[in-house]
Structure formats: structure tokens, C-alpha cells
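J.: Single-letter residue listing:
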Amino acid sequence: KQEVTQIPAALSVPEGENLVLNCSFTDSAIYNLQWFRQDPGKGLTSLLLIQSSQREQTSGRLNASLDKSSGRSTLYIAASQPGDSATYLCAVRPDTGRRALTFGSGTRLQVQP
Amino acid sequence: DAGVIQSPRHEVTEMGQEVTLRCKPISGHNSLFWYRQTMMRGLELLIYFNNNVPIDDSGMPEDRFSAKMPNASFSTLKIQPSEPRDSAVYFCASSLATRMGTSGYNEQFFGPGTRLTVL
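As given, the protein sequences belong to chains A and B, one line each in that order. When the letters of the first sequence are read in order and numbered with the working numbering, they come out as residues 1 to 113. When the letters of the second sequence are read in order and numbered with the working numbering, they come out as residues 1 to 119.
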């Protein structure tokens, strides 16, 4: 059974810092990995999708990397801003069988102005 | 496109009542997913459909839960009878499932969720 772990569970940083969020998964047979953002009381917003054949994806100040063989992904946020405060979730989709995502428990990020 | 649409956004009901949650996926998407989010268990898949056919309902907690997708643009999740432990946020998501795509394909897009409270 796939298990997804996110470390740290919570993170507080001052504005302007670069930061890294970690995601690990136990079964490397994945089709893709997706990073989401969730604001309090809101739905999920897709940030980046990395296919299993890719090593990284970039969108603005966000960069996500994937090391499939070691079961790890990182989300790098450059020059953090208070508006980045949210919970960040990673989720993996298996290569076969069930198509649904397995989610980590998230990292709650607070960027202090 | 308006994205995935869910209704109602909030639902408060009493134990024993029937609850129906609704979802309209993004036009053109052929996979639809129902998830439940709670503080204790995080996000869990309940059921998903591909081309309107239920593919995996192993996440449905018990027989009180049922889901249908009568056409490509509409799905319902029904709880009958509802219980306080069903209180959660229920999300619907859709995607375009194909193995021929590059980035953007298979990306799941989530609706805003329905916050259900069962008293």
C-alpha cells in the first residue's frame, strides 16, 4: 500500500526566505506526482504536476523535483511571501490499477511579514 | 471553464437524514473522483469513475454511501442515513485520463468542496 509522508508538518519562516518542503513515498511505481496548495476552508489548487519520466517542473517561484527511484520529491519556494501561507500537499498517482491520488498529510506553511 | 462545481457548499443536517452532494466536472474530462477530508484521516479517496463507470469504490466507508454518474457532466454522492461521524469536507475532482499526454494530462482539478455537518 502506498504511503506518502510530508516533512515538516508545519513550518514558519520570515518573508523573503527560500524554503524546501519534502515529500516521500514508499512505492516508486508512480505515474505522476502532484503538488497542491490548500488555503484554510478552501479547496485544493494544483501547483505543479511532474510525470514519472521528468525530474522537475517549474512555475514562477515554485520548483518541484522528483527522484522516483528514491521515492522523494521536494517543493522549493523562492523568496517566500505572506501570500504563500497555506497547507501544501503532495500526492502520487500509481502507475497501474487505481488511478486515484494518495495524499500526504501536508505541510502547513506560515510566512511572517 | 468554470472549473469543477460542487453543491451545496455547506450542508447541516440531522443524524438519520439523507444527504446528496453534487458535482459537475470540467467539460471534456473523463475521470471523476470523490474524496473526503477530515482532520484525523486527511484526504481519502472514496470512489472514482472513468467514462461514467465506477472503477474503484473500495474507499466507500459502508453501504450507507452510494455514488452515481448518470452522464459525463454530473455525479452525486449520497449518504443515507447520515451519521455524525460522516461530518467532513467532501471534494470532487476531475481529470483527463490518457497515457499519451504530457504535463497537464492526468492532472486532477478539485472543486471547492462541500462542508457537511451531521448533528
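To be clear, the hints were calculated from the coordinates, so they are not data collected in a lab. Do not rely on the hints blindly, as some may be mistaken.
Here are the simulated DSS-like pairs of lysine-lysine, each with C-alpha atoms no more than 30 Å apart in a straight line [stated by the list, open to error]:
1) B:Lys68 - B:Lys78
2) A:Lys42 - A:Lys1
3) A:Lys1 - B:Lys78
4) B:Lys68 - A:Lys1
5) B:Lys78 - B:Lys24
6) B:Lys68 - B:Lys24
7) B:Lys78 - A:Lys42
8) A:Lys42 - B:Lys24
9) B:Lys68 - A:Lys42
J.: Next, verify each hint and record whether it holds.
T.: Going through the hints against the structure:
1. B:Lys68 - B:Lys78: holds, 8 Å
2. A:Lys42 - A:Lys1: holds, 28 Å
3. A:Lys1 - B:Lys78: holds, 27 Å
4. B:Lys68 - A:Lys1: Judged against 30 Å, a Cα distance of about 27 Å means the pair holds.
5. B:Lys78 - B:Lys24: Distance ~15 Å between B:Lys78 and B:Lys24 Cα, so the pair holds.
6. B:Lys68 - B:Lys24: holds, 12 Å
7. B:Lys78 - A:Lys42: Holds: B:Lys78 and A:Lys42 sit about 22 Å apart, inside 30 Å.
8. A:Lys42 - B:Lys24: With a Cα-Cα distance of about 17 Å, the restraint between A:Lys42 and B:Lys24 holds, given a limit of 30 Å.
9. B:Lys68 - A:Lys42: Roughly 25 Å separates the two Cα atoms, so the pair holds.
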